[in-house]
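Same order as they appear, the protein sequences are chains A and B. Basically the working numbering = 1-based index in the first sequence + 27. Basically the working numbering = 1-based index in the second sequence + 15.
It should be emphasised that the hints constitute simulated quantities derived from the structure, not laboratory data. Each hint can be trusted.
Pairs of lysine-lysine, DSS-like flavour, derived with a Cα cap of 27 Å:
1. B:Lys-86 / A:Lys-41
2. B:Lys-86 / B:Lys-52
3. A:Lys-41 / A:Lys-71
4. B:Lys-38 / B:Lys-86
5. B:Lys-52 / B:Lys-38
6. B:Lys-86 / A:Lys-146
Just the calculated beta-carbon pair ranges, DEER-fashion:
7. B:Ser-91 / A:Gly-174: 41 to 47 Å
8. A:His-194 / B:Thr-81: 27 to 33 Å
9. A:Leu-183 / B:Val-36: 34 to 40 Å
10. B:Gly-70 / A:Asp-125: 23 to 29 Å
11. A:Ser-35 / B:Gly-70: 45 to 51 Å
12. A:Pro-227 / B:Ser-91: 48 to 54 Å
13. B:Met-16 / A:Asp-113: 17 to 23 Å
14. A:Glu-200 / B:Val-36: 44 to 50 Å
Idealized CB from N, CA, C, for every residue including glycine.
Single-letter residue listing:
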Amino acid sequence: MSSHSPESQRAAQKAETRRRILEHARRLCARRGFARTRTVDVAKAARVSHGSVFVHFPSREALMAAVVGEMAREITDALHALGSQDAPLREVLAKHLDCLADREDELRWLLLEAPLLPKGFDAEWVGVQSAVAHHIAEAAARDMAAGRIREIPLHLLFNTWIGLVHHYVIHRELFAPGRSALKTHGRELLDHFMGLISTPTPKSRSKR
Amino acid sequence: MNCTSCGMPLRTPEDHASGDVTKEYCRHCAHPDGQLKSYDEVLAGMTAFLQRTQGLDPGVARRTATATMAKMPAWSGRA
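Please take these sequences and the hints and turn them into a complete structure.
See the structure below:
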């Protein structure tokens with residue numbers, strides 16, 4: 028099939044429509060949240076018929092799950108690129124913060140609404156967290172083996188980091204009104220967390 | 016491309032089973048000789064990973080791993 032055949036043009040057009048629907052669904056979810064984003068509004072924003080949304084996504088839930096899945100894929104890809112370079116934990120956490128800061132509105136709604144969302148979301152959300160946990164665990168294990176950070180159970184290290192970061196995202200109006208909590212405070216959180224888990228340097232040991 | 020068994024991105028040759036880029040599954044889902052592990056072995060490995068890295072309850076971890084694998088092409092033949 029040549030790249031200009033009617034079949035390939037139709038396939039390309041279909042893929043482009045799907046991409047546009049997903050892009051506008053993400054924008055609306057970032058602005059209004061997952062629970063209040065209606066397919067009719069997505070169709071209007073993407074300038075397609077309401078029925079066209081369901082040609083590409085069988086249900087509203089499937090569209091919302093695709094939004095989370097797309098976010099998961101972007102975060103996973105960004106962290107995976109670092110993982111294959113054997114990056115130290117600090118670098119992986121910094122990249123994690125960057126990834127979340129770029130999607131902070133979507134993330135905030137997801138965290139706020141997660142318990143109210145349909146079941147399919149659980150799997151997508153754990154998918155995001157699993158990819159992040161994988162890269163953090165691998166980098167943490169390397170840093171522990173090198174004596175750069177203390178021996179801490181991986182799940183507690185991960186959950187302590189996530190708890191700190193998500194707290195700032197959920198309550199960002201307290202920490203950075205009208206701004207990105209992670210762009211405003213990310214560096215401070217990273218320095219603090221690394222300070223908690225790092226092994227004492229010879230200088231700090233001699234002060235005791 | 017992503018691992019057809021667990022979904023992990025396959026970006027470098029080292030990500031693939033035995034470093035063989037013709038294999039469509041990752042090093043975590045394969046035995047040292049490059050053969051794909053059985054469904055039960057991958058399920059057990061993924062469940063243990065979720066518990067070890069995120070502290071999930073054992074039942075939640077197993078259900079999550081089962082749901083993840085249900086969407087993977089390598090296991091599409093399973094009911």
